[in-house]
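*Asks:* Sequence:
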Amino acid sequence: MGKHSRPGPPNQPSRAVPCVDADDPLAAYHKRCRPPMDIWRRHRPVHGGAGHLRPDEPRVLEEWDDFTYQVAGTAPDLAAAQRWVAELVLDDDSGA
849 MGKHSRPGPP NQPSRAVPCV DADDPLAAYH KRCRPPMDIW RRHRPVHGGA GHLRPDEPRV
909 LEEWDDFTYQ VAGTAPDLAA AQRWVAELVL DDDSGA
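Per my numbering, the sequence shown runs over residues 849 to 944.
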């Protein structure tokens, strides 16, 4: 076993993408429409910098639109932004 045999750190989401359907003529397009690291929603500090610093400052909320991240709104602080990101995850899990 070489030192590069692990798929990645256990605390990060998998970068593996679903198998591409050979019969689907748009399979390559659908693969490109997936967001980086399968993160559909994210938040960024309004004035830039690291996301974990200054938790009382407002955040910009961004959502993936099959091409790029688009601004979806703002949150007054880090806790509210994290709740907004988690809403999508919780909604997806409850539908299963």
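It should be emphasised that the hints constitute simulated quantities derived from the structure, not laboratory data. Treat the numbers as computed from the prediction; the structure is a model and nothing was measured. Some hints here could point you the wrong way.
Within a straight-line C-alpha distance of at most 16 Å, the following computed EDC-like cross-link-like pairs (lysine to aspartate or glutamate) qualify [unchecked claim]:
no.: 1; residue 1: K879; residue 2: D869
no.: 2; residue 1: K879; residue 2: E935
no.: 3; residue 1: K879; residue 2: D914
Distance windows between CB atoms, simulated [to be verified]:
no.: 4; residue 1: F915; residue 2: D871; range: 45 to 55 Å
no.: 5; residue 1: G921; residue 2: C881; range: 27 to 37 Å
no.: 6; residue 1: T916; residue 2: D871; range: 22 to 32 Å
no.: 7; residue 1: R882; residue 2: V919; range: 46 to 56 Å
no.: 8; residue 1: D904; residue 2: C881; range: 32 to 42 Å
no.: 9; residue 1: T922; residue 2: P884; range: 14 to 24 Å
no.: 10; residue 1: R892; residue 2: D869; range: 11 to 21 Å
We put the beta carbon where it would ideally sit given N, CA and C, even for glycine.
*Asks:* Please work out if K879 and D914 have their alpha carbons no farther apart than 16 Å.
*Replies:* Measuring from Cα to Cα gives roughly 10 Å; hence the hint holds.
*Asks:* Between T916 and D871, is the Cβ distance one that fits in 22 to 32 Å?
*Replies:* holds, 29 Å
*Asks:* Tell me if the beta carbons of F915 and D871 are separated by a distance inside 45 to 55 Å.
*Replies:* Once the Cβ atoms are compared, 25 Å apart, the range 45 to 55 Å for D871 and F915 is violated.
*Asks:* Mind checking the alpha carbons of K879 and D869 for me, to see if they're no more than 16 Å apart?
*Replies:* Distance ~10 Å between K879 and D869 Cα, so the pair holds.
*Asks:* So the hint says 27 to 37 Å: do the beta-carbon atoms of G921 and C881 match that?
*Replies:* Taking Cβ atoms as reference, G921 and C881 lie about 22 Å apart, which means the hint is violated.
*Asks:* Note whether the CB distance of T922 and P884 lies within 14 to 24 Å or breaks it.
*Replies:* 22 Å Cβ-Cβ, so the 14 to 24 Å window holds.
*Asks:* Does K879 pair with E935 here, judged by a C-alpha cut-off of 16 Å?
*Replies:* The hint is violated at about 24 Å.
*Asks:* So does D904 sit 32 to 42 Å from C881, Cβ to Cβ?
*Replies:* holds, 36 Å
*Asks:* Regarding R882 and V919, is the given constraint of 46 to 56 Å on their beta-carbon distance met?
*Replies:* Roughly 20 Å apart at Cβ, these two residues miss the hinted range, so it is violated.
*Asks:* R892 and D869, beta-carbon distance inside 11 to 21 Å?
*Replies:* violated, 34 Å
The earlier numbered hints that this structure contradicts are 2, 4, 5, 7 and 10.
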